[in-house]
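Novice: Here is how the chains run, residue by residue.
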Amino acid sequence: MVRFILRRLLQVIPVFIGTTLLVYYMVFALPGDPIAALFGDRQPPQAVIDTLRSQYHLDEPFIVQYGLFLKNLFTFNLGNDFTGQPIAASLARVFPVTAMLAVEALAIQAIFGVAFGVFAGLRRGGWFDSTVLVASLVVIAVPTFVLGFVFQLVFGVQLGWAKPTVGANADWGSLLLPAVVLGLVSFAYVLRLTRASVSENMNADYVRTATAKGLSRPRVVLAHILRNSLIPVVTYLGANLGGLMGGAIVTEGIFNVPGVGNKLYQAVLRTEGPTIVSIVSVLVLVFVVSNLLVDLLYAWLDPRIRYDQ
Amino acid sequence: MRDKEMTTPDVSIGEARANGNKPLLEIRDLAITFKTGSGEVQAVRNAHLTIMPGETVAIVGESGSGKSTTALAAIGLLPNNGSVSGGQILLDGEDIAHASEQRMIELRGNTIGMVPQDPMSNLNPVWKIGYQVRETLKANGRPSGPEDIAKVLSEAGLPDAKRRANQYPHEFSGGMRQRALIAIGLSCQPRLLIADEPTSALDVTVQRQILDHLDTMTTELGTSVLLITHDLGLAAERANKVVVMYQGRVVEAGPSLELLRNPQHPYTKRLVESAPSLASRRIQAAKEQGVETADLLAPAAEAAAADNVLQIQDLRKVYKLRQGLGKTTDFAAVDGVSFDVKRGTTTAIVGESGSGKSTVAKMVLQLEKPTDGKILFDGVDTSLLKAGDLFKFRRRVQPIFQDPYGSLDPMYNIYRTIEEPLRVHKIGDAASREKKVRELLDQVALPQSAMQRYPNELSGGQRQRVAIARALALDPEVIICDEAVSALDVLVQAQVLNLLADLQSNLGLTYLFITHDLAVVRQIADHVCVMEKGRLVETGTTDEVFEAPQQEYTRALLNAIPGAKLMLPPEVA
Numbered sequence: 078m079v080r081f082i083l084r085r086l087l088q089v090i091p092v093f094i095g096t097t098l099l100v101y102y103m104v105f106a107l108p109g110d111p112i113a114a115l116f117g118d119r120q121p122p123q124a125v126i127d128t129l130r131s132q133y134h135l136d137e138p139f140i141v142q143y144g145l146f147l148k149n150l151f152t153f154n155l156g157n158d159f160t161g162q163p164i165a166a167s168l169a170r171v172f173p174v175t176a177m178l179a180v181e182a183l184a185i186q187a188i189f190g191v192a193f194g195v196f197a198g199l200r201r202g203g204w205f206d207s208t209v210l211v212a213s214l215v216v217i218a219v220p221t222f223v224l225g226f227v228f229q230l231v232f233g234v235q236l237g238w239a240k241p242t243v244g245a246n247a248d249w250g251s252l253l254l255p256a257v258v259l260g261l262v263s264f265a266y267v268l269r270l271t272r273a274s275v276s277e278n279m280n281a282d283y284v285r286t287a288t289a290k291g292l293s294r295p296r297v298v299l300a301h302i303l304r305n306s307l308i309p310v311v312t313y314l315g316a317n318l319g320g321l322m323g324g325a326i327v328t329e330g331i332f333n334v335p336g337v338g339n340k341l342y343q344a345v346l347r348t349e350g351p352t353i354v355s356i357v358s359v360l361v362l363v364f365v366v367s368n369l370l371v372d373l374l375y376a377w378l379d380p381r382i383r384y385d386q
Numbered sequence: 099m100r101d102k103e104m105t106t107p108d109v110s111i112g113e114a115r116a117n118g119n120k121p122l123l124e125i126r127d128l129a130i131t132f133k134t135g136s137g138e139v140q141a142v143r144n145a146h147l148t149i150m151p152g153e154t155v156a157i158v159g160e161s162g163s164g165k166s167t168t169a170l171a172a173i174g175l176l177p178n179n180g181s182v183s184g185g186q187i188l189l190d191g192e193d194i195a196h197a198s199e200q201r202m203i204e205l206r207g208n209t210i211g212m213v214p215q216d217p218m219s220n221l222n223p224v225w226k227i228g229y230q231v232r233e234t235l236k237a238n239g240r241p242s243g244p245e246d247i248a249k250v251l252s253e254a255g256l257p258d259a260k261r262r263a264n265q266y267p268h269e270f271s272g273g274m275r276q277r278a279l280i281a282i283g284l285s286c287q288p289r290l291l292i293a294d295e296p297t298s299a300l301d302v303t304v305q306r307q308i309l310d311h312l313d314t315m316t317t318e319l320g321t322s323v324l325l326i327t328h329d330l331g332l333a334a335e336r337a338n339k340v341v342v343m344y345q346g347r348v349v350e351a352g353p354s355l356e357l358l359r360n361p362q363h364p365y366t367k368r369l370v371e372s373a374p375s376l377a378s379r380r381i382q383a384a385k386e387q388g389v390e391t392a393d394l395l396a397p398a399a400e401a402a403a404a405d406n407v408l409q410i411q412d413l414r415k416v417y418k419l420r421q422g423l424g425k426t427t428d429f430a431a432v433d434g435v436s437f438d439v440k441r442g443t444t445t446a447i448v449g450e451s452g453s454g455k456s457t458v459a460k461m462v463l464q465l466e467k468p469t470d471g472k473i474l475f476d477g478v479d480t481s482l483l484k485a486g487d488l489f490k491f492r493r494r495v496q497p498i499f500q501d502p503y504g505s506l507d508p509m510y511n512i513y514r515t516i517e518e519p520l521r522v523h524k525i526g527d528a529a530s531r532e533k534k535v536r537e538l539l540d541q542v543a544l545p546q547s548a549m550q551r552y553p554n555e556l557s558g559g560q561r562q563r564v565a566i567a568r569a570l571a572l573d574p575e576v577i578i579c580d581e582a583v584s585a586l587d588v589l590v591q592a593q594v595l596n597l598l599a600d601l602q603s604n605l606g607l608t609y610l611f612i613t614h615d616l617a618v619v620r621q622i623a624d625h626v627c628v629m630e631k632g633r634l635v636e637t638g639t640t641d642e643v644f645e646a647p648q649q650e651y652t653r654a655l656l657n658a659i660p661g662a663k664l665m666l667p668p669e670v671a
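Chains as they are written, first to last, in our numbering: chain A, 78 to 386; chain B, 99 to 671.
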């Protein structure tokens, strides 16, 4: 098991270099001059432009810029963005917010998705199952920005149950509404996956044997149907965690959440290579670690899976 | 017949009163109905059954006869769309046919136990064996410490039970898993044990050990057993009474040996005749009625003068097993096997799972490359065949596989399935191919209307006929049957074996028959090769091997045929 984890962590190196190089190159290849964009309609003196260019190494060729970025990264000095703020500090501000949002959304998906899915799967074709299936189809079909605005209007403005926007001081409570919107679509997928998996497993021979042993119904469901049904669900949730950490640009935009999505969007608008690549670097790590967690969860859920072969 | 059916329970009740004890389980007039998409289906009608304390009663029948459904009703485990629509299930006088789920949970485990059919799918793969025993003990309010678990497992014949309890099902062999399931079924010392085909998924020798052990345990505990099986020989050997079910009805019931020696109902007679474990002659006997005597003698006469169509010389197949850290060990699945197959005869390779018999078949079919040794087909070394010659070779050697559910493409209709080899080999045009398919369907006794149907619309026996028709499409000389009848019910099995025998005498086919079932060998083979752990331990004509087995292993295999020792009057055998 330790060997497996070490091997997986070593795999981070090529993945990391590959993704950052690619993203850095794409930013480099974007049309437009970021320095000119900083000054808007005014034409700054050539000396100022040159100073800024050399300050941000924009006059160097691509590969040198990338090398400098790597060097900074490994000395834990990410440098400053175009507004003069240290990148490390702004990352430290946005990532916790998005992490809170992601965890909250993930918890909503996992808890409600699995619970509803189990009930629907156990009584396939019943009224609960039919209702939930139609409702989840609606949630999947309606675009997130529509859901977001509707929730904001209904729960935030009209009913006043939650703050319609999050603003600077994000906490668990104020992030609940965006988390619900963010989690809703995946909730529908988790529900459907769980439902399919449960209704397949409940006809398994070992479930009948478990019943024949004299176990109570809740025990049969929890120990013999649910655990065996979780494997596809865990795969989906794991992949989803990475996606959630990347920030939800639309949802964060609607609810004014100062998170990764917002930051990334602004950085892309300003063609700020170092900021974009710094965020991507963290995301690569998040992806690798969450996938590793999923694999370890697999081995726990299904003992037939062993990694030390 | 009706009389017998009706009186059987009464007789038992009479006996019971005389003996002063009451029946443990009494099923009266039971009817079970399934709701399906196309209306209601009566799966069981007027079923009668009585089990006295300590008695073993077997229900025998083919799949779909309602035998498992009846047993599942007794433990309240009918599928969701099934329900008891009439009659009573009396357990100690209490009618449990419509008992509440709560009452059934109380009864399951400590009053009625179950040993299910397939040891591969009946243990939950994600829990340790010990855990699965523990939850049974716990749910029924019994002590469930590590010692109790180990005791239950070791009583079921599991060696080293303490350590084994910490393993997962996938670390167990089939026989060990079945022992674990028996341990679970008997762990709370139920008064009635329902054993649903408890050994049909296991090798014959393992089957015998498990059944012997089950016998000993239930005798010691005084448990009544309701044994469900499709094998009349096994039922007669293990049970005091046999109940024969056919199309949802009990057609005959009575003491085992009496029923076996003097079957009354036509269906029971057919069952007795075709029970593979009871037949003692090659299937030619069955052809006697229909085919001329000349035809009958033909294969034997031909065989004497015939050449060897297949010569297997010192065949070896070594697999490399990974040991971790980049190390491998060699595992010889087939080791130094040599035998000849004469044209127009049937050679059977028998052995338990893991004996290497299927690997030999794969190498003969050129689906696996031998590590060493030669396979000569018509005197030509098959390993030297080039792509084009190999293509021609495949036309002359065709396989029929075990699972007719898995070996037919569900998306191809029957016409396309049988026609495909003709198309692949570019034989004839569309019209002549269709004519050929119709001929083939006639040969395997399938109606021509089957052409437009899909595999899922056919029964197991019909599917295997389709597989045979497909194998015959290219007019092959040799057919390799890899457990070709193992998945079929006895009566269907008998029909398919008869069909294969007829085709052999009409077309001069050569069969290489791979099977674990010696009873089938007896019916179809001229020569037998017995394999054990990759080696050929005994060869000879079928009569030689069956009447005077030379090896201990062969004797063990023969003894393990259920019902082999039952005395039968000659007119039945």
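Possibly wrong hints are sitting among the right ones.
As the list claims (entries may be wrong) - Some chain A residues near chain B, calculated using beta-carbon distances under 7 angstroms:
(1) Arg269
(2) Ser293
(3) His301
(4) Asn305
Stated by the list, open to error - Here are some chain A residues pointing at chain B (derived, C-beta under 7 angstroms):
(5) Glu181
(6) Arg285
(7) Leu292
(8) Arg304
Calculated directly from the structure, the hints in this document are not laboratory data. Every value quoted in this text rests on a predicted model; they were computed, and no experiment measured them. Using N, Cα and C, we set each Cβ at its ideal position, and we do this for glycine too.
Novice: Now look at each hint and say whether the structure bears it out.
Specialist: Going through the hints against the structure:
1. Arg269: Violated, about 21 angstroms.
2. Ser293: Ser293 (chain A) check passes; min Cβ-Cβ to chain B is 6 angstroms, inside 7 angstroms.
3. His301: Hint holds; His301 (chain A) Cβ to chain B Cβ min 5 angstroms, cut 7 angstroms.
4. Asn305: holds, 6 angstroms
5. Glu181: Violated, because the Cβ-Cβ distance from Glu181 (chain A) to chain B comes to roughly 29 angstroms (cut-off 7 angstroms).
6. Arg285: Nearest chain B Cβ about 6 angstroms off; hint holds.
7. Leu292: Given a least distance of 5 angstroms, the restraint on Leu292 (chain A) holds.
8. Arg304: Hint on Arg304 (chain A): holds, closest Cβ of chain B at ~6 angstroms, below 7 angstroms.
In this structure, the hints that do not hold are numbers 1 and 5, in rising order.
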